Structure formats: structure tokens, C-alpha cells
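**Student:** Here is what each chain is made of, one letter per residue.
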Amino acid sequence: MIEIAEVVVVILVATLRAGTPLVLAALGELIAEKSGVLNLGVEGMMLVGAVAAIIATLGTGSYMLGALAGTLAGIAMALVFGLLTLSLRANQVAAGLALTIFGLGLSAFLGLAYRDRPLDGLKPLAVPGLSDIPVIGPLLFGHDVFVYFSLALFAAVAWFLARTRGGLVLKAVGEAPEAAHALGHDVLAVRYLATAFGGATAGLAGAYLTLVYTPMWADQMTAGRGWIALALVVFATWKPGRVLLGAYLFGGVTIAQLHLQAQGVAVSSHILAMLPYVATILVLVLIARDATRIKLNAPAALGKPFEPGR
Amino acid sequence: MKLRIATALAALAIAAAPLAAPAGAQELKIGFVYVSPIGSAGWTYQHELARQHLEKTFAGKVKTTYVESVPEGADAERVIRRLAQEGNKLVFTTSFGYMDPTIKVAQAFPNAIFEHATGYKTAKNAGNYIIRFEEGRYLAGIVAGKMSKSGKAGYVAAFPIPEVIRGINAFILGMRSVNPNATVSVVWVSSWYDPGKEREAAEALIAQGADVIMQHTDSTAPVQAAEAKGVYAIGYHSDMSKFGPKAHLVASTHNWTGYYQSVVEKVMKGQWKAEQYVGGIKEGMVVMAGWGPMVPDDVKKLVAEKEAAMKAGKLAPFQGPVKAQDGKEVVKAGAVMSAKDIANMSFYVQGVVGALPKK
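Chains as they are written, first to last, in our numbering: chain A, 1 to 310; chain B, 1 to 359.
Keep in mind that the hints were calculated from the coordinates and are not lab data. Heads up, a few of these hints could be off.
Below, computed lysine-lysine pairings styled on DSBU-like, alpha-carbon distance capped at 35 Å [to be verified]:
id: 1; chain 1: B; residue 1: Lys340; chain 2: B; residue 2: Lys124
id: 2; chain 1: B; residue 1: Lys121; chain 2: B; residue 2: Lys273
id: 3; chain 1: B; residue 1: Lys311; chain 2: B; residue 2: Lys246
id: 4; chain 1: B; residue 1: Lys104; chain 2: B; residue 2: Lys149
id: 5; chain 1: B; residue 1: Lys311; chain 2: B; residue 2: Lys121
id: 6; chain 1: B; residue 1: Lys246; chain 2: A; residue 2: Lys123
id: 7; chain 1: B; residue 1: Lys149; chain 2: A; residue 2: Lys123
id: 8; chain 1: B; residue 1: Lys56; chain 2: B; residue 2: Lys121
id: 9; chain 1: B; residue 1: Lys229; chain 2: A; residue 2: Lys123
id: 10; chain 1: B; residue 1: Lys149; chain 2: B; residue 2: Lys332
id: 11; chain 1: B; residue 1: Lys332; chain 2: B; residue 2: Lys63
id: 12; chain 1: B; residue 1: Lys146; chain 2: A; residue 2: Lys123
id: 13; chain 1: B; residue 1: Lys242; chain 2: A; residue 2: Lys123
id: 14; chain 1: B; residue 1: Lys266; chain 2: B; residue 2: Lys104
id: 15; chain 1: B; residue 1: Lys311; chain 2: B; residue 2: Lys29
Covered stretches of chain A, going by a simulated chain B footprint (3 or more residues, C-beta under 8 Å) [stated by the list, open to error]:
id: 16; segment: 103 to 116
id: 17; segment: 200 to 214
id: 18; segment: 218 to 227
id: 19; segment: 256 to 262
id: 20; segment: 269 to 279
Quantities reported herein were computed from a predicted structural model and do not represent experimental measurements. The beta carbon of each residue, even a glycine, is placed where N, CA and C say it ideally should be.
Taking the hints into account, I'd like the entire structure generated from these sequences.
**Tutor:** Written out as C-alpha cells, the structure reads:
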């Protein structure tokens, strides 16, 4: 009995860890998309954030500065995208894909000298007394700072979208940029801010990979997590709560199937490998199966350039 | 999702190469095609070490070029053809999926020589070469069997294909040769390369009681996971001890330098002939490297003895009696499994926990 509880705790802790980069990247993309900007460059921004973070941490010894460098690198990448799509009105899909390809190459280049240098990795917090309580200790008090930050970020994003004037302006810009413009809101400025926020969280998600999750740099180490974060936003019908649910569901099923295999359960590894995708999509589609509601949630001007002059 | 920007960059690099250094009259131009980025450890990295060795050994006599991250498929043919067109008289193609493109290009360039790794097709001007990887796995199994306290090993594996299954079987046979009750559990991550997932797989195995982690994936994350959890790990492809100084017992590494050097020498002397070359411990192509300080001398000595037996042809990983998981004897006592059966292996031997996933 105790053993089962221990394994469950191990799985749940690993789930939070596996879900965190997805939560971070997807929340940022959600804000960007709510403003009408579809940025497919998440994978590229994550990679550049990841490499910037490990370079900064190896150079300064500070994980805090590493996280900051990752965030700033993500913002820089996002601003390149913003310049292309917002100011120069390039096609967002093409520019986003280009950003990912650019990020793959740039991160591999910047990381050349850092491939051989593993980090110790940022350790989980240890709250004296509390972290040692069985079950509750590791579940509530045994994580690293990034996990708590991502949860705080989730709360902030949900509150911002639902309860603040700024959230209203953001949504207006994404739904009807002309109307928002006519009301005197600076559509481009809002979109730049939203895109930069998306870059910041993607960069931070990348930093999580190199500073905590697998504390080293290796080419293309995001291994598709940026794309999963993108898909989560759509399947979560642009709702932060569902993004959180989807990210942890995806992480949880991935971890659980690895543990099942380790126990020698005789299910095809191909089916198990598929499971996280199928389960996440199924659950999110089922809770959002009302087509009209999906349409209402999808930003009407998503992916469309805005020309203030017209 | 692996977008291959590096391919494009490398293609540019090739285009620029002739401008940078005009080939001397007597220089042998040699091209290498790599399937992944070179990195700091792993499959491609080992080939790259051999290429650098050629540059040093034959300084002034050879001029080498490489293209990294070349996907297996249509793109590979384009890259190989390009290398041949640029006057490379010897081209090494270093991944299984390059087999058909290599043969095709070889037919179009009868004056160039091609060498393909891990395949089985040859042509008049195209040979191939492969390593008996299973010998290293078997020796690693002996080390794991000696060092494990629980007698349980964990194996982080990519895909259930014969090459990987063979490694798992050889590993547990080696482990059981010193600890008859040893078992190995396998977790398939369905990817050759995903550091995050490889780490989680290793942790899942450790949570189940495994205290030695073995891998058949490309990143160093399993070694790192073992280090963090205070258990042992065995590296693959390359010495991975940097990523787990307290965990890394040893690595079964591939050494292509000797073979590449002999091919180049033969080509220079005009004595090269197409053949199917197989090398292992005996030929120095499998090397146990990166011994950790925690491994006692008697274990190293035992491994050295087994290596000597392999060199003398007295020991093979799949030497009878070998029993499949269901108890059926697949190799009789005194017999050795045929190369063809080893190549097509699709069953687990005794000691592997769980069922082999159906294809």
C-alpha cells in the first residue's frame, strides 16, 4: 500500500515537472493569440531561451540570471517576429515557421561551446519540516521555483483576461482590431506587447529545460515541446484553465505510461507512446465540443495583419 | 519534428569549401555524411573523431569534408551525389538509411569509392562496414551484474527493432553470466532523441528498483538522471562520464578510426576492394572506455579476460545455451547464433521483464 502511494507521488511530482514547460510556453502563446497574433515560432524561441539560459548560468553561476537571460532571449526572438509580421505585415504563418528554423540554427550555433558542460541543475525547494511530510510534503513543498512561478503565472493570466480592463483591450484587439483602433487603442502596441510576452514565457520554458529538467545543452533538446504547447492552446479553446489541464494531462499520461512500462505491463509501446496525445486531445475536445462556443473563443482576427492607415 | 537547418548550412559550407582550399594534385578528397548534429557524444560524434584522426594521420595527403544532420531519404542522395560531384574520391555514409542512396550514387560515379555503415548492400565500388555492437553490450552487462546491488537493471530504449532488441538481450546475457538472477526492465521512449523523456524513463526505472541504467538512445540524459538519483549508469556510443562522474561505470563506445585509416591506406595504394566488413572487440571497433573510480579492479580484470576470450574467438554474446523468455532453447549449448539470426532478432531472452511490444 505504502509502495503504491510512493509511486503515485513520484508520478505526480514528475507530472508537474513535465507539464511546467508546456504551461509556460502555452500561456504566453495564448496571450499572443488573444491579441490576434499567431506565432508558430514557439519551438525556436524556446530553444534560444534554453541556450541563453545555460550560457548565462555557466558564466555567472546564478540560476536567477540564467532564467532572466532565457526570458530576454525569448523576447528578442519574439520582437524579430513582431517586426516582420506587425510592422512589415509579413505572413504570420510563414514568419513563425521561419522563426522556428532560425531558432534551431541559432541555438545550435550559440551552444557549440557549451555542449560538454553539464550543470548541477536547480534543486527543488526544501521547506524545513514541511517538505519531509509524507505525500503532502513532496507534492506541495518539494518543487523547484519554476513550478510555483508557472502556477502563479497561470493565475495572473486568468485574472488578467477575465477581470481587468487591459484584458478587455487585448481581446478587443484580437477580435476586432479596426473597432479597437477607432476607440483609440494602439493595436500594434498591444500586439507587440502580447507577442513579447509570448516570447518571454517561451524563453523561460526553454530555460526550465536547460536549468532544471535536463541540466545541460544539447541541440534541438526541446524535442517538439513548442509544437505541443501551440496545439494545446487551440485544443484548450484559448482558455487558460484548459491550457493548464491539458499540459498536466499530457505530462501526466507521458509519465504514467513510462512507469507502466517500467513495471513490465504488456501493452504495445507504440500505443503507450500515442496515449498522451490521444488522451489530451480527447479530453479537451470533449469538454469544449460546442462548436459555437469554440468560435466565440477563437480570436476573430487571429493571424490577420492590421494596417492602421486604412 | 526535426527541421534540418544544419543541412542547408552544411550544403553552403560544401559549396564554399573548394574556394577556401584548392585541392592539391595528390590530395585524396574524402566526404562524410552524418545523420545527426556532431554534438559532444553519441553516434555521429564517434565518426567525427575518426574523421579528425584521418586529418591528423594523413596531414597534407587527404582533404576531408563532412555534412551533418542529413535526413535519411531523398535528401541523403542529393548530399552524397553532391560530395561525389565535388571530387571526393572516397565517401563514408554513416547511417543505415543511406544504404540505397549510396548504392545509387555509386553506380553514377564509378570512379569514386563509397563506404556505407551498418547496411548489407554492396556494389563494385561500394563496400559496407558494421560493428558487432552486442559485444560491448555483453561486457557492459557483466559490469552491471557485478555492480548492481538489487540485481535489477533498467534499459532506456528507443524503438523495438532488431538492433535494439539485440543489445538488450546481449546486455542481460552478460549480466546473468555473473548474476544468474539478474533482470532488466525496458522502457521504450519512442524516440532516438528526447532528453526530457529519456530522463523521465530512467527515473521511472529507478523508482521500480533499478540501480544500473543502460540506454539505447542518443542523449546523455539517462546518465544524468542516474547521477541525480545516486544509482549507476552505463554510457553508450561515447564516454559519457562527464555527465555523471559518480554514476558512470563504463561506456561501450564505438571506435571507427582504425577501420577508416585502413580503408584510406588501401584506397591510396589502389588495393581497395568492396567488401562487407564486420568488426568488434577483436578489431578494436568496440572499446570499453570511461571507467568510473567506483569500479573495483577485479571487475575490470574480469572484463579484460572476457575481452581476451572474445578476441580469441572463444566467447560470443549469443553463445549457447540461450533461452528465449518462454524457456524455449534458441541456441543449443556449444553452438553460436548465426549472424543472420542475430541481425533479425525479434524476441527477448530470459531475464528481460515484460513482453516485447508487437510491431
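**Student:** Would you check the hint for Lys332/B and Lys63/B, treating anything up to 35 Å between C-alpha atoms as holding?
**Tutor:** Between Lys332/B and Lys63/B the Cα gap is close to 50 Å, so the pair fails against 35 Å, i.e. violated.
**Student:** Hey, Lys149/B versus Lys123/A, does the alpha-carbon distance stay inside 35 Å?
**Tutor:** holds (27 Å)
**Student:** Going straight from one Cα to the other, do Lys311/B and Lys29/B come out at no more than 35 Å?
**Tutor:** holds (34 Å)
**Student:** How does the coverage statement for the segment 103 to 116 of chain A fare against chain B, requiring three or more residues with Cβ below 8 Å from a Cβ of that chain?
**Tutor:** Since three or more residues must qualify, the claim that chain B covers the segment 103 to 116 of chain A holds, with 5 doing so at under 8 Å.
**Student:** Starting from Lys146/B, check that the Cα of Lys123/A is at most 35 Å away, please.
**Tutor:** Given pair Lys146/B, Lys123/A holds - Cα atoms ~31 Å apart, limit 35 Å.
**Student:** Lys242/B and Lys123/A: Cα distance at most 35 Å?
**Tutor:** The hint holds at about 19 Å.
**Student:** Given the hint that Lys121/B pairs with Lys273/B, test it: the Cα-Cα distance must not exceed 35 Å.
**Tutor:** holds (14 Å)
**Student:** Starting from Lys266/B, check that the Cα of Lys104/B is at most 35 Å away, please.
**Tutor:** The hint holds at about 23 Å.
**Student:** If you draw a straight line from the CA of Lys149/B to the CA of Lys332/B, is it 35 Å or shorter?
**Tutor:** holds (31 Å)
**Student:** Taken at face value, is the distance from the CA of Lys121/B to the CA of Lys311/B at most 35 Å?
**Tutor:** Holds - the C-alpha atoms of Lys121/B and Lys311/B are around 27 Å apart, at most 35 Å.
**Student:** So is the segment 200 to 214 of chain A in contact with chain B by the C-beta rule, three or more residues under 8 Å, or is the coverage claim wrong?
**Tutor:** Contact hint for the segment 200 to 214 of chain A vs chain B: holds, 3 residues under 8 Å.
**Student:** Quick check: the segment 269 to 279 of chain A, covered by chain B? Criterion 3+ residues, Cβ under 8 Å.
**Tutor:** As far as the segment 269 to 279 of chain A goes, the hint holds, because 4 residues have Cβ atoms under 8 Å from chain B.
Checked against the numbered hints given earlier, the structure breaks hints 4, 11 and satisfies all the rest.
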